[in-house]
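Engineer: Below, each chain spelled out in residue letters.
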Amino acid sequence: MNIVTLSFAAFVLVVLALYYLLPRRPQNILLLGASYIFYATWSIEFPFILFAVTLVSFVLAQRLQPTETNATERRRWLWLGIGFNLFVLVLFKYAGFFVDDITARLSSWGLTHTEGLEILLPIGLSFYILQAISYLIDVSRKQLPASTDMIDFALYMAYFPKLTSGPIERARAFLPKLNAQRIVDNDQLARSFTLIVVGVVRKLVIADSLAAMIPAAYYNAPGTLSVVNLLTYALAYAFWLYNDFAGYTSVVRGVSGLFGIELSPNFQQPYFARNFTEFWNRWHITLSQWLRDYIYFPLSRALIRRNPSRWNVWNILLPPLVTMLLSGLWHGTGWHMVVWGGLHGLYLVGERLFGLWRPAVAPQKQPRWRQVFAIGVVFTLVVIAWVPFSLTLPHATEFARRLTLDRTLHRPSVRVLVVIFISLWIDWVQYRRGGNEIVFLRWPRLVQATLLALALLAIFLVTQATISPPFIYQGF
Amino acid sequence: MNENDVREKLRPFVINELIRNPKYNLKDDEPLITGGLIDSFSLAYFGVFCEDTFNIYIPDTDLTVANLDTLNQMVDRVMRDLK
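Just so you know, the sequences run in chain order A and B. Counted the way this note's numbering counts, the first sequence spans residues 1 to 476. Counted the way this note's numbering counts, the second sequence spans residues 477 to 559.
Hints listed in this document are in silico derivations from the structure and should not be mistaken for laboratory results. Think of the CB as a built atom: it goes at the ideal place given N, C-alpha and C, for glycine as much as any other residue. Errors might be hidden in some of the hints.
[Stated by the list, open to error] Keeping only pairs whose Cα atoms sit at most 25 Å apart, straight-line, the calculated SDA-like set for lysine to any residue is:
#1 K365/A / G376/A
#2 K485/B / P298/A
#3 K485/B / S309/A
#4 K365/A / K499/B
#5 K485/B / T510/B
#6 K485/B / R553/B
#7 K485/B / E506/B
#8 K503/B / Q366/A
#9 K485/B / A362/A
#10 K142/A / A180/A
#11 K485/B / A302/A
#12 K365/A / F489/B
#13 K365/A / P498/B
#14 K177/A / L30/A
#15 K503/B / R358/A
#16 K499/B / A360/A
#17 K365/A / N497/B
#18 K93/A / L321/A
#19 K559/B / Y533/B
#20 K93/A / W79/A
#21 K177/A / I151/A
#22 K499/B / S309/A
#23 K503/B / F530/B
#24 K365/A / P507/B
[Stated by the list, open to error] Quick partial rundown of chain B residues pointing at chain A, CB under 8 Å, derived from the structure:
#25 L513
#26 D515
#27 G523
#28 D536
One chain only, chain B, in its complex shape:
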């Protein structure tokens, strides 16, 4: 699975499940956590989504602003475990 595949799976998940607005125009570098769009509850869902979809386990201590604030960072974090 390459970076684009990961992005294409993550984008609809973030828009539909975490932001809950299918019409939302999400930018790749838009701050999601610091921007107040997603919270700890959403990050827990993100962790389980990655387990189910990419078969990777992102440790709880990695579910942070530093690692996952934007779609780009989420993709990077997933790719780190897929490589």
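So that you can see chain A by itself, here it is in the shape it has in the complex:
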């Protein structure tokens, strides 16, 4: 059941109606049941995998309690838990890569009946595995007690608005919300409704339109396109990806708000970032924070303890490179993802090296022209990195080669630029008010009504013209 569909809207309405008939404890049980039903609509096997990961993580966390076992034993249980979760992730996410190889080899030996070998990637697996690992680590670090309530913990893992593509929540912040008072007043309703409308516009009007405008040749044969078209479609891809994921996040945060449960924001106008550190504080925020807390910081601190010099080459190189390479692998198999992660790692290393030579200056205190220039540089480099993210390595190479060979000039697609302008306008309006996503609620009623009417009209027209593709991040 896709998030931006009428069937999902109907599902949410039914769950909401039942939800508000019940007191707190049964509400959580209802949400858990609804989450598993929602997951089963994708594939009947998926809930079993989710339940297995949930049960093992819940049981192992009990062994991480300081009163239960000694430190060495706790460390062993922790690594068992991390190992189990990584095993499940590798089995389902990366095994396909090897299965293709094995199938090809068997075929070359004349064995063509290999149907049973296919492994289906459970949607959302990459997201809830990270939640399970962070929970186990936090319990082992005594940052939260192991949950004694299987229902609440299972809901933390399975809560349907965030199940397929995040936000990646932390148990420390999420579990207390399940037992706190949930207030859904008029303000909360207006906030949720605004998030849903902005999210649907981002997904259906901006992301899906851009997706439809990018021809298959961009992915399969970039060498056949002109330079102008290649650059236009690279831009279109950058705004498609952003609006697709930011739109999804906005919708699910709005839906969750209707249940009185706040989910973490994931995007804050990332294409207005003035440096790469800022970009990663604005793009897929919950994943960035996860990688920072569980990979970047432990690695950085271990290296700094060994050699505290700021100029130590390993201190500068390793943490950003390792973190971003792992981020690339988390997004998918294939060398193109490694190249994407490596590029971002190198961007961060370059920024760090540049910063070592001069005192830190707050970006907002720099002259306006420098800020605009910095935004342009960061955006350009980010778009360059999206090329290997979106294309296989041979096609990305073909793309780069074409840029140097083709000299034809013509007008870029105006339709693409118009849609990108809408995306930039929404971001600009939010950015000017400190990243406030629901800034539209401050506007006069007449303007709000006009905007809403325009948004509904645009949604209607676009859904008549294009078929909505699934969310990109669901595939990760």
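Fit chain B to the given chain A structure using the hints.
Structural biologist: Frame of chain A, contents of chain B only:
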């Protein structure tokens, strides 16, 4: 060690090592992370500095904007473990 001692140790560290400008006039409530003056790299240094200077371990998940955005917050966070 009282709050003033902690502040007197943290202030020169932040100015000289993290902002890298000895002449910088750092205010106690000036936003450092949200203001773009220090980043994750600096926070990792801050974590190790606290281990060496105050003999406390601030968990990685506590090295956040919510806990350490200003000098005042840094002092509060250190004092929480020293008490």
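Engineer: Between the alpha carbons of K142/A and A180/A, is the straight-line distance 25 Å or under?
Structural biologist: holds (22 Å)
Engineer: Does the alpha-carbon distance linking K177/A and I151/A stay inside the 25 Å limit?
Structural biologist: holds (14 Å)
Engineer: Measure nothing beyond the straight line between the CA atoms of K93/A and L321/A; if it is 25 Å or shorter, mark the hint as holding.
Structural biologist: holds (22 Å)
Engineer: Is the Cα-Cα distance between K485/B and A362/A 25 Å or less?
Structural biologist: holds (23 Å)
Engineer: Verify the proposed pairing of K503/B with Q366/A, using a straight-line Cα cut of 25 Å.
Structural biologist: holds (19 Å)
Engineer: Hinted pair, alpha-carbon criterion (25 Å max): K485/B, T510/B. Please report holds or violated.
Structural biologist: holds (22 Å)
Engineer: Is the interface hint satisfied for D515/B? The criterion is a beta-carbon contact with chain A at less than 8 Å.
Structural biologist: Hint on D515/B: holds, closest Cβ of chain A at ~4 Å, below 8 Å.
Engineer: CA of K499/B to CA of A360/A, is that 25 Å or under?
Structural biologist: holds (12 Å)
Engineer: Quickly compare the C-alpha distance for K485/B and R553/B to 25 Å and report which way the hint goes.
Structural biologist: Distance ~14 Å between K485/B and R553/B Cα, so the pair holds.
Engineer: Run the distance test for K485/B versus E506/B: straight-line Cα separation, threshold 25 Å.
Structural biologist: Holds, at about 17 Å.
Engineer: Can we keep the L513/B interface hint, with Cβ of chain A closer than 8 Å?
Structural biologist: Holds. Min distance 5 Å.
Engineer: Hint check: K485/B vs S309/A, CA-CA at most 25 Å. Holds or violated?
Structural biologist: Distance of about 19 Å is within 25 Å: holds.
The structure is consistent with each of the numbered hints, conforming to all of them.
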